[in-house]
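Top line first, the protein sequences correspond to chains A and B.
In terms of this note's numbering, the first sequence has 31 at position 31, counting the first letter as 1, and numbering is strictly consecutive.
In terms of this note's numbering, the second sequence has 203 at position 203, counting the first letter as 1, and numbering is strictly consecutive.
None of these hints come from the bench; they were simulated from the model.
Here the structure is a predicted model, which means the values were calculated and not measured.
Don't take every hint at face value.
Stated by the list, open to error - Below, a list of computed lysine-lysine pairs in the BS3-like style, where the Cα atoms sit at most 30 Å apart:
(1) Lys-120(A) - Lys-243(A)
(2) Lys-225(B) - Lys-21(A)
(3) Lys-208(B) - Lys-152(B)
(4) Lys-152(B) - Lys-73(A)
(5) Lys-262(B) - Lys-73(B)
Below are the chains, spelled out letter by letter.
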Amino acid sequence: MGIQEQYRNEAAELLSSGAVKLVIGYGEGSTSDRRRPVFIRSADETARLVLDANCIANLSGYLVPEGLLSDGKSVAVFLKPDGIRSVNILAAEAQVNPDQVVILGFDIDGGQASPLPGRKATDFAPLIESQKSTGLSTELQQEADQLELMSATDRFEYWNQQFSKCIKCYACRQVCPMCYCRRCIVDVNQPQWVNTSSHTLGNFEWNIVRAFHLAGRCVACGGCDRACPVNIPLRLINHRMSKEALDAFDHFAGESADQKPVLATFRQDDPETFIL
Amino acid sequence: MTRILLHTRLDDCLAAWRASGYSVLAPSKSHELTRFNEVQHASDMALDLVLPERTIKDHFFPQTEPLIRYRIKKHEIDTEEMVPPELKRIFFGVRPCDASGLAIDDPLFGWDYKDEYWFRRRGNSVIVTIACTSADDFCMCTSVQLSPDSTKGSDVMLTPLKDGRGWQVLALTDRGNALLETIPSILQESDAEPAPPASVPVKFDIDKVTAWLADPASFESHFWKEISQRCIGCASCTFLCPTCHCFDIQDEGDTYSGIRRKNWDSCSFAMFTMHTSGHNPRNTQSTRWRQRIMHKFNYYRGKFDVNSCSGCGRCTRQCPVDMGITETLQSISNLPR
Chain A
1 MGIQEQYRNE
11 AAELLSSGAV
21 KLVIGYGEGS
31 TSDRRRPVFI
41 RSADETARLV
51 LDANCIANLS
61 GYLVPEGLLS
71 DGKSVAVFLK
81 PDGIRSVNIL
91 AAEAQVNPDQ
101 VVILGFDIDG
111 GQASPLPGRK
121 ATDFAPLIES
131 QKSTGLSTEL
141 QQEADQLELM
151 SATDRFEYWN
161 QQFSKCIKCY
171 ACRQVCPMCY
181 CRRCIVDVNQ
191 PQWVNTSSHT
201 LGNFEWNIVR
211 AFHLAGRCVA
221 CGGCDRACPV
231 NIPLRLINHR
241 MSKEALDAFD
251 HFAGESADQK
261 PVLATFRQDD
271 PETFIL
Chain B
1 MTRILLHTRL
11 DDCLAAWRAS
21 GYSVLAPSKS
31 HELTRFNEVQ
41 HASDMALDLV
51 LPERTIKDHF
61 FPQTEPLIRY
71 RIKKHEIDTE
81 EMVPPELKRI
91 FFGVRPCDAS
101 GLAIDDPLFG
111 WDYKDEYWFR
121 RRGNSVIVTI
131 ACTSADDFCM
141 CTSVQLSPDS
151 TKGSDVMLTP
161 LKDGRGWQVL
171 ALTDRGNALL
181 ETIPSILQES
191 DAEPAPPASV
201 PVKFDIDKVT
211 AWLADPASFE
221 SHFWKEISQR
231 CIGCASCTFL
241 CPTCHCFDIQ
251 DEGDTYSGIR
261 RKNWDSCSFA
271 MFTMHTSGHN
281 PRNTQSTRWR
291 QRIMHKFNYY
301 RGKFDVNSCS
311 GCGRCTRQCP
321 VDMGITETLQ
331 SISNLPR
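Work the whole structure out from these sequences, hints included.
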């Protein structure tokens with residue numbers, strides 16, 4: 001039995017037993033290599049679920065809309081390791097109760113989707129631990145190294161060109177499981193903290209605000225980078241922030257639901273004196 | 001016999017146009033993005049694209065545009081109007097859907113008030129369109145009563161030749177004729193055959209769709225909730241759309257001086273309809289998606305007798321969650337009646 005059939009059966013069982021009220025998974029998209037999020041509410045709809053190597057989107061963001069989990073019922077969601085880490089962060093930040101999330105975990109390797117054993121976020125702790133010891137993506141690091149080699153002036157010019165393309169469609173924000181604020185800082189207008197205009201300055205403001213808000217929270221799912229309609233390499237910004245968090249604080253985003261948010265905590269024995 | 005322009009003469013063409021005071025914009029790739037940029041040479045152009053990622057709308061209705069500079073004094077307010085520069089521009093290699101988009105938006109910008117910012121740019125621009133001989137999975141011009149060789153919104157139409165050496169050239173407007181008069185020796189007479197237009201399958205029945213949307217009962221249909229469940233509420237579809245035209249007026253500055261700007265806005269955003277009181281009449285994503293579809297295929301056509309969609313397909317092509325107008329209109333088209 002292939003993984004797709006296995007997970008369809010499992011989803012059907014979860015729904016018909018009443019263990020979950022909803023399964024968030026992937027379905028056929030508008031072309032043969034596209035997958036789209038689907039919301040399955042009854043066992044007889046599970047044939048719509050697709051699971052293969054094209055299922056790359058991190059679906060954990062669909063867990064946070066207001067009211068979804070407020071009835072105490074559980075929801076099952078198809079997640080790769082990056083999405084499982086997102087659930088841990090959302091739990092650490094009190095956005096979801098991890099006990100209400102049933103994880104249908106899988107990973108993609110060599111063009112194939114394969115199942116990951118476990119159903120609760122905690123079941124995947126050893127896997128995430130091993131990912132932490134492997135470190136951040138070497139591919140991303142190689143790409144980031146190209147930027148590090150530039151002079152500060154050239155690097156600024158590089159980002160100047162990239163951010164000039166931004167149209168403030170906020171696809172990066174909307175697709176990101178970590179951007180769950182009910183009112184984003186850029187939408188606050190009394191006072192207007194951030195320019196709403198999409199000129200280069202306003203675009204810098206937006207992209208830098210977002211980069212800082214994601215420091216130590218991004219799991220490198222790549223959602224924002226893929227969503228960006230003007231191809232800004234957002235992965236490189238987020239990677240750089242993740243690297244800082246890991247190098248300076250040994251903080252690997254989404255390690256567990258008990259993890260303290262790196263920018264919202266401090267240690268009594270912190271060597272820096274400015275904190276206390 | 002028709003007039004043709006050979007690829008090998010394109011550089012001469014650009015030189016002649018520049019000598020006549022035009023700047024030429026064409027699809028090209030810069031900083032990993034395909035869009036209309038000013039070009040100097042034929043080799044800078046990316047004319048084999050099905051479509052550039054950004055539309056030409058950006059050059060008529062920019063994402064942010066300064067309108068007025070103001071300074072508040074003790075007893076008076078100084079204002080200075082900021083007008084776009086009077087540029088003579090040629091848009092070369094526009095696709096029929098993008099050219100149509102301009103024509104679709106003209107009545108909106110000229111309806112109760114003539115938008116100088118739009119029409120000044122329109123008046124100084126010549127649209128040289130290349131008919132499509134290829135399409136991708138997302139193209140849907142034929143579903144909205146246009147076609148891969150539609151001339152709507154174009155001043156000059158270029159139809160690729162079958163032998164791939166150039167284009168048949170046809171002026172459609174006075175502006176187009178005037179443009180061709182600047183290159184008389186570059187065009188030549190030929191009986192070379194044109195290539196057939198791209199085959200773009202019809203994806204939905206637009207008449208069924210508009211009839212359903214016009215039915216007041218459809219407004220509260222459960223359909224809207226189902227179709228928009230996965231919508232994340234970004235503005236990728238609206239900002240890449242050749243016809244979406246909503247904007248917001250913002251004052252940027254301090255207490256005493258600043259610039260009033262016209263910025264793109266999107267009905268996809270929750271903030272779009274937020275009242276000062278905190279009440280939001282479109283407080284769910286499904287009501288916002290309904291608005292977008294209703295506006296394009298019901299309200300706009302009611303007012304201007306044309307759908308506010310030219311079938312470019314960018315909304316679906318670029319959607320982070322694979323939504324878009326095609327799927328929604330297909331689903332409406334297939335609803336049981």
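Now the hints, each set against the structure:
1. A distance of roughly 27 Å separates the Cα atoms of Lys-120(A) and Lys-243(A); the hinted pair therefore holds under the 30 Å criterion.
2. Taking the CA atoms of Lys-225(B) and Lys-21(A), the gap is about 18 Å. The hint holds against a cut of 30 Å.
3. Under the criterion of a C-alpha separation no larger than 30 Å, the hint pairing Lys-208(B) with Lys-152(B) is consistent with the structure, at around 24 Å.
4. For the given pair, Lys-152(B) sits about 54 Å from Lys-73(A) by alpha-carbon distance, which is inconsistent with the 30 Å threshold.
5. Taken as a hint, the Lys-262(B) and Lys-73(B) pair is honoured in the structure, with Cα atoms around 24 Å apart against an allowance of 30 Å.
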